[in-house]
Amino acid sequence: MISHLRPAIVAMVFFTLLLGLAYPLGVTGLAQTLFPAQAGGSLIRNANGVVIGSQWIGQNFKGEAYLRPRPSAAGKEGYDASSSSGSNLGPLNEDLAARIKAEAEALRAEAAGPIPVDAVTTSASGLDPHISPAYAARQVARIAAARKAQPAEVLAVIAANTEGSTFGVLGEPRVNVLAVNLALDARWPQPQR
Amino acid sequence: MDWRGWAEIVFTIALTVAVGWPLGIYMARVWTGERTVLDPVLKPVEAGFYAALGVDRNKGHGWLGYAGAVLAFSAAGFALLYAILRLQGQLPLNPQGFDGLSPHLAFNTAVSFVTNTNWQSYGGETTVSSLSQMLGLTVQNFVSGAVGLSVAAAMARAFAADRGETLGNFWVDLTRSTLYVLLPVSIVTALALVAAGVPQSLLANVTAKTLEGADQIIALFPVASQEAIKQWGTNGGGLFNVNSAHPFENPTPLTNLIEVVSLNAIAFATVVAFGRVAGARKEARALIAAMVILLSLGAAAIYAAETLTPQPAMVAAGITDAPANMEGKEVRFGAAASAVWAAQTTGTANGSVNSMHASYMPLGGGVAMFLMQLGEIVPGGAGSGLYGMVVMALLSVFVAGLMVGRTPEYLGKKVEAREIKFAMLAVLILPLSILGFSAISAVLPVALEGLLNKGPRGLTEILYAYSSATGNNGSAYAGLTANAPWWNTTLGIAMLLGRFAYMVPVIALAGAIAAKPKLKPTAGTLPSDSPLFVGLLIGIILILGGLQFFPALALGPIVEHFQVLAAAR
Chain A
1 MISHLRPAIV AMVFFTLLLG LAYPLGVTGL AQTLFPAQAG GSLIRNANGV
51 VIGSQWIGQN FKGEAYLRPR PSAAGKEGYD ASSSSGSNLG PLNEDLAARI
101 KAEAEALRAE AAGPIPVDAV TTSASGLDPH ISPAYAARQV ARIAAARKAQ
151 PAEVLAVIAA NTEGSTFGVL GEPRVNVLAV NLALDARWPQ PQR
Chain B
1001 MDWRGWAEIV FTIALTVAVG WPLGIYMARV WTGERTVLDP VLKPVEAGFY
1051 AALGVDRNKG HGWLGYAGAV LAFSAAGFAL LYAILRLQGQ LPLNPQGFDG
1101 LSPHLAFNTA VSFVTNTNWQ SYGGETTVSS LSQMLGLTVQ NFVSGAVGLS
1151 VAAAMARAFA ADRGETLGNF WVDLTRSTLY VLLPVSIVTA LALVAAGVPQ
1201 SLLANVTAKT LEGADQIIAL FPVASQEAIK QWGTNGGGLF NVNSAHPFEN
1251 PTPLTNLIEV VSLNAIAFAT VVAFGRVAGA RKEARALIAA MVILLSLGAA
1301 AIYAAETLTP QPAMVAAGIT DAPANMEGKE VRFGAAASAV WAAQTTGTAN
1351 GSVNSMHASY MPLGGGVAMF LMQLGEIVPG GAGSGLYGMV VMALLSVFVA
1401 GLMVGRTPEY LGKKVEAREI KFAMLAVLIL PLSILGFSAI SAVLPVALEG
1451 LLNKGPRGLT EILYAYSSAT GNNGSAYAGL TANAPWWNTT LGIAMLLGRF
1501 AYMVPVIALA GAIAAKPKLK PTAGTLPSDS PLFVGLLIGI ILILGGLQFF
1551 PALALGPIVE HFQVLAAAR
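Line order of the protein sequences matches chains A and B. Numbering of the first sequence is given in my numbering, commencing with residue 1 and proceeding in unit increments. Numbering of the second sequence is given in my numbering, commencing with residue 1001 and proceeding in unit increments.
FYI, nobody ran anything at the bench for these hints, they're computed from the structure. Glycine included, C-beta positions come from ideal geometry on N, C-alpha and C. There could be a bad hint or two in this list.
Pair by pair, the computed Cβ-Cβ distance ranges are [claimed, not checked]:
id: 1; chain 1: A; residue 1: Pro114; chain 2: B; residue 2: Thr1207; range: 30 to 40 Å
id: 2; chain 1: A; residue 1: Leu155; chain 2: B; residue 2: Arg1285; range: 51 to 61 Å
id: 3; chain 1: B; residue 1: Leu1542; chain 2: A; residue 2: Ala145; range: 38 to 48 Å
id: 4; chain 1: B; residue 1: Arg1406; chain 2: A; residue 2: Ala22; range: 46 to 56 Å
id: 5; chain 1: A; residue 1: Arg6; chain 2: B; residue 2: Trp1003; range: 51 to 61 Å
Produce the entire structure from the sequences given, and follow the hints as far as they go.
Structure (structure tokens):
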């Protein structure tokens, strides 16, 4: 056992330098050179260069004129991108039942028709950037009214930002909420806040 | 459920085996020291490394020496990681200004990474600095996986040997597994992930001004580099609290495929390499067949449970069309990609998640837990899956031998009392730790404070935690708030038992097998490459797992399933 001490300690030091320092820094250097946009977090900037979000991180849109995301359990207000979290509630949990019921009632007050499951459930991360096409379609009438636009035009904007399954097999069809809202603002400019 | 979901599950598992196969052929060359394509770059580094360590690469260890080296290296890793985590407040590269971890959290986290478990009592983006992530966690992600691969290499040599005295040199196995296998695949995978959208940044948080005028603080990290080794090393400890469900760790279905393949391919590769080194390619194929069958059944069962079980909360809210349980799942993955990941991660001792198992339907989460309780062998962790499966194969030929009254053999080695004792010593650590700790926690008020859900689900949270820790998996029913002294300490002990109280008997077993003469098969030898053997092996795995854990499962997920059915009526 004593004879193993020297190799054990020296190996830890060597591996720490190689794997803990050289590896992540080397990959960072390569990644920042080859794919700077993705490596930097796929940030989206407005015309003035101000960061308005990341392509991959959901945001908590509340306004009538915007496409709204799924409910979120990340942070107190939801969509806290420095504190990702799911609800972790089991299927029999009373809090889950109460929350889903409240969400469903609010959605019914807004529009008739069936409620897609993603509209009343929190995602695993609390930062889901996507909603289902069905949930997006359910919001068209509200957005069109708020922006004084034709529903068909709003639907076209959503369709342009909808992705199908990758290679037809991987993952579900989905709508990127931030991308839609950017496109909506570009088409029907909103008063600056 | 739909055809696309089934197609995704089949495609994912098939691709994983297809990637693991050539990697295993390459890995066999790494284990035996044959020439590889990376020799021109790595040979000089390797030689310098052995000189610094002061080891003679040609001198092998006996089983005691091999086990001693494993323990010494793991102890050194633990000491360094514990120190880094405790002192991170005083160390540089801490842009968020986090304090050092509490003693029990640092103990738990250090054990967790050294044992290749990567249980997350910490919340990544809220507790651990960039320095700790890189110098501490990333390093252990590599080397704890490499330790597992080394022991698998020793096991392969044991079966190849004819009256062998040594199992090989641990320091050589460790170095070569890291430099030739884990490092290159991680670099390639990390760059592929960045290309597909995963960040790799040394900046701290970015503050975004949303279209509605609110501020959103976005946490950034060198994500891709750690993501790659987190999967390949079958580690599973995420940079972010929600692991691979976080859109920065796993932004698209394509990154999801890359990651889920990376988390299982090494386990299949290890079996292929074992077959080549031990001169038992057909028998290795039989082991892979058993792994694929059990893994596929697990994925199918989880997918079915998540899409077919009625959801009481939806029924109560008057939502009649609920095709899948989407609580705790991401839209881009849906039920199928979540289910196949859940099966692969719990079958593999990885423990990374792309959906929250805590919100799974009772049978969905129950199957995931059962896959861990099988001993993390379908297909199991880096190296550990292989040696766990070999233990099961030995028990299978032993049981078959008892039936016909012959001394059993496996791969040309007689399996006698000594080997079976070591095998049972290893296997019995699972129920001892999982059921023992769960039973104590279920009646201890200080333990029960951590539960989020009540009733059978609460029991499942406890069982899942100790199954995950003992199996060195690391996934969680995250309803359990595990960052408290009782949980951090006992889960840490469970991880140590599951890793070392399993691994040391296995190394002793390898030593015993190596010392035996290599026999030619005779007419009375049970062929261990036939469908019959695969069936026998699956039977032994299920009966051993089922008999030990069925009573606990009946009180947890099974009774909860009937509660759900009643509540959704």
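We went through each hint and held it up to the structure:
Checked against the hint of 30 to 40 Å, the C-beta distance between Pro114(A) and Thr1207(B) comes to roughly 38 Å, which is consistent with it. For Leu155(A) paired with Arg1285(B), a C-beta distance near 53 Å keeps the hint of 51 to 61 Å intact. Judged by the Cβ atoms, the range 38 to 48 Å given for Leu1542(B) and Ala145(A) is violated: they are separated by roughly 58 Å. For the pair Arg1406(B) and Ala22(A), the supplied restraint of 46 to 56 Å holds, since their beta-carbon distance comes to about 55 Å.
In this structure, Arg6(A) and Trp1003(B) meet the distance hint of 51 to 61 Å, their C-beta atoms being roughly 59 Å apart.
In terms of the numbered hints stated before, the structure departs from hint 3 and from no other.
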